[in-house]
Amino acid sequence: MLLNANTNKRRDDFLKRLFAQGDYEKSFLRLCKDGCSREDLASFLWATCILARADRRGPIACTVPGADRHGFIALDAITPEKVRSLVEDLRSIADRVDDVNKTPLNPKLDVLAAPTDASRDSARQYVARLYDMLPGFMRLYSRHLERFYPLSRAVLKQLTSTQIRSLDLVLYIEQSTGHPRYEDAANLLQGGFLAIGGAEERIPECFSADALAKLKQRTAKFRLNSRF
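Mapping of the sequence shown onto our numbering: residues 1 to 228, in sequence order.
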């Protein structure tokens, strides 16, 4: 997770406030020892807590595309018809890109025709490969969207932005350590909410270990428990 210098400082200040409150540093270091990146874990945690505090203030106080009532995800503007149209458009455009790539109009030929430059040749080769792979990526995206959309729409309309981010944090921890580590995740989320300036009585219900486990179980059947 790449952040600029100012954002890094704010995230690190958040960690200092978190660690100054109690035993939260032990949970954090345990997860890092078992495989989590310090920077990525801190960034996931900080972002989730910022969003959670905004959600708890009322109708999404921060800028989150597609969010409405108290942090719930709004999908009404993305209708099934629009998704089907996008899937068809992607496949049609992929076919056209494929056709162009088989002719002298392929843009990669311009990239590769540039004078040899040791400092740039590897980047040019990479861009040329991306141009060749573009149609395949578009078809893959269209197939994934076509499969994922009907399975996820119903459950996403029932989840808040905070729940989505909390699930992402749990999945990151599971991917890094081999286990979701609900107790450590809940401990850090609750402490992080306080460190970000949230009130104890307004800590989100989804920040408990039991709630995180139920959230992951609830979304598993919709295949939302994968960071593919």
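The hints are simulated quantities; they were obtained by calculation from the structure and are not laboratory data.
Check before you lean on any hint, since a few could be wrong.
Within a straight-line C-alpha distance of at most 30 Å, the following computed DSSO-like cross-link-like pairs (lysine-lysine) qualify [stated by the list, open to error]:
no., residue 1, residue 2
1, 9, 33
2, 16, 26
3, 9, 26
4, 214, 9
5, 82, 216
6, 214, 33
7, 214, 26
8, 216, 26
9, 16, 33
Ranges between beta-carbon positions, derived for each pair [as the list claims (entries may be wrong)]:
no., residue 1, residue 2, range
10, 16, 96, 35 to 43 Å
11, 147, 120, 35 to 43 Å
12, 217, 132, 48 to 56 Å
13, 213, 116, 24 to 32 Å
Think of the CB as a built atom: it goes at the ideal place given N, C-alpha and C, for glycine as much as any other residue.
Now for the hints, and whether the structure bears them out:
Simply put, residue 9 and residue 33 have alpha-carbon atoms about 23 Å apart, close enough for the 30 Å limit, and the pair holds. Restraint check for residue 16 and residue 26: satisfied, since their Cα atoms lie roughly 13 Å apart, inside the 30 Å limit. Proposed proximity of residue 9 and residue 26 is supported: the alpha carbons are some 21 Å apart, at most 30 Å. Between the alpha carbons of residue 214 and residue 9 the distance comes to roughly 34 Å, so the proposed pair goes past 30 Å and is violated.
Between residue 82 and residue 216 the CA atoms are separated by roughly 29 Å; this keeps the pair inside 30 Å, and the hint holds. With a C-alpha separation of about 26 Å, the suggested pair residue 214 and residue 33 falls inside the 30 Å cut-off, and the hint holds. Pair hint residue 214 plus residue 26 holds up; C-alpha atoms about 24 Å apart against a cutoff of 30 Å. Among the hinted pairs, residue 216 with residue 26 is consistent with the structure: their alpha-carbon atoms are about 24 Å apart, no more than 30 Å.
At most 30 Å may separate the alpha-carbon atoms for a hinted pair to count; residue 16 and residue 33 meet this at roughly 19 Å. The hinted range of 35 to 43 Å is not satisfied by residue 16 and residue 96, whose Cβ atoms lie roughly 53 Å apart. The given range of 35 to 43 Å is respected by residue 147 and residue 120, whose C-beta atoms sit roughly 39 Å from each other. The supplied range of 48 to 56 Å is broken by residue 217 and residue 132, whose beta-carbon atoms lie about 41 Å from each other.
One distance hint, 24 to 32 Å for the beta-carbon pair residue 213 and residue 116, is violated here, with the actual separation near 57 Å.
In the structure shown, a violation is registered for the earlier hints numbered 4, 10, 12, 13, in ascending order.
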